[in-house]
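Visitor: Spelled out, the chains give:
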Amino acid sequence: MFQSNITVTLRKSILDPQGKAVEHAIHSLGYTLVEDVRIGKHIQLSINSPSKEEAERITDDVCKKLLANMVMEDYTFTVEKVR
Amino acid sequence: MGAMSKVKFGIVVFPGSNCDHDAYNVARHVMNQDAKFIWHKESSLGDADVIILPGGFSYGDYLRTGAIARFSPVMKEVVQFAKNGGTVIGICNGFQILLEAGLLPGVMLRNSSLQFVCKFIYLKVENPLTRFTSQCERGEVLKIPIAHGDGNYFADAGTIASLHEHNQIVFRYCSGSGEIDDVANPNGSLLNIAGIMNEEGNVLGMMPHPERASEPMLGSADGKKIFQSMIESLVLS
Numbered sequence: 001m002f003q004s005n006i007t008v009t010l011r012k013s014i015l016d017p018q019g020k021a022v023e024h025a026i027h028s029l030g031y032t033l034v035e036d037v038r039i040g041k042h043i044q045l046s047i048n049s050p051s052k053e054e055a056e057r058i059t060d061d062v063c064k065k066l067l068a069n070m071v072m073e074d075y076t077f078t079v080e081k082v083r
Numbered sequence: 001m002g003a004m005s006k007v008k009f010g011i012v013v014f015p016g017s018n019c020d021h022d023a024y025n026v027a028r029h030v031m032n033q034d035a036k037f038i039w040h041k042e043s044s045l046g047d048a049d050v051i052i053l054p055g056g057f058s059y060g061d062y063l064r065t066g067a068i069a070r071f072s073p074v075m076k077e078v079v080q081f082a083k084n085g086g087t088v089i090g091i092c093n094g095f096q097i098l099l100e101a102g103l104l105p106g107v108m109l110r111n112s113s114l115q116f117v118c119k120f121i122y123l124k125v126e127n128p129l130t131r132f133t134s135q136c137e138r139g140e141v142l143k144i145p146i147a148h149g150d151g152n153y154f155a156d157a158g159t160i161a162s163l164h165e166h167n168q169i170v171f172r173y174c175s176g177s178g179e180i181d182d183v184a185n186p187n188g189s190l191l192n193i194a195g196i197m198n199e200e201g202n203v204l205g206m207m208p209h210p211e212r213a214s215e216p217m218l219g220s221a222d223g224k225k226i227f228q229s230m231i232e233s234l235v236l237s
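Same order as they appear, the protein sequences are chains A and B. Using my numbering, read the first sequence as starting at 1 and increasing by one per residue. Using my numbering, read the second sequence as starting at 1 and increasing by one per residue.
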């Protein structure tokens, strides 16, 4: 069994208004060294595949087809064997 | 289609659609045409002349608005219907589904205010030469409500240039007197875009709700012009 940990975020070129709002809140807490906040989604998949390569291929396909909208979002993921 | 027969509206119902009955009411009781609901698990659109993807929160807006609804079984038929030149209108969540399905270009971002906005707005008819707006004048200002949290239209520069080139920008948010500026933009949409169609002109997506503004007692009957345009285009064809 493999587990994919996927992060989907808005593309750098797209303004993230949620991130901006949180950034303002962080600044109002006094943490002025924090310069940029981006908010995204964390998605976990458990994949019963024979190999890590297959699990990575499935994860990549699912990201492209469903989990991320490539017009506005980027995704990254890691895959690890869990048992 | 003969002049005597009624236009058949097919209104797709997804889990979480909530403007389906409003659309049905306008098609059937205000416009006096035929209308039927099409459950999202259906594998046929039957004999529908027009497909309406209504507003609402299909699948609870999980993941992204419209992202899951586009994989409903009926959407294969809707895509085929559109590719064959059939008239398809997506309203609000229906527009978001059309974007996710790739029938229209671009995406919807969260409103720039981060607020859900529910109010009457004004929109300007940028292109009256369509099967959705033939009953409007060029530059006419329509009063129609919006109700959405993700209506901030975005597309890359190439897509926007292509929309311009093929007159696909149908509606833009404006003031009551027709000025298109930031003040009149309720959600941050690029170029105040409120509605676009595909290059072929048979698929329209719009965030404002014409089905909620087709009777004077609801505050405006301007939305009726969009239904009337679709009916005329089919009856005269």
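Since the hints were made in silico from the structure, they are not lab data. Errors might be hidden in some of the hints.
What the hints assert, rightly or not - Stretches of chain B that chain A covers, calculated by requiring three or more beta carbons in the stretch to come under 8 Å of a beta carbon on chain A:
1. 126 to 138
2. 154 to 164
3. 217 to 226
As the list claims (entries may be wrong) - So the derived list for chain B, only partly shown, Cβ under 8 Å to chain A, looks like this:
4. L109
5. R110
6. S112
7. L114
Heads up, the beta-carbon is just placed ideally off N, CA and C, and yes, glycines get one too.
Visitor: So which hints don't hold here, by number, going up?
Guide: 1 and 3
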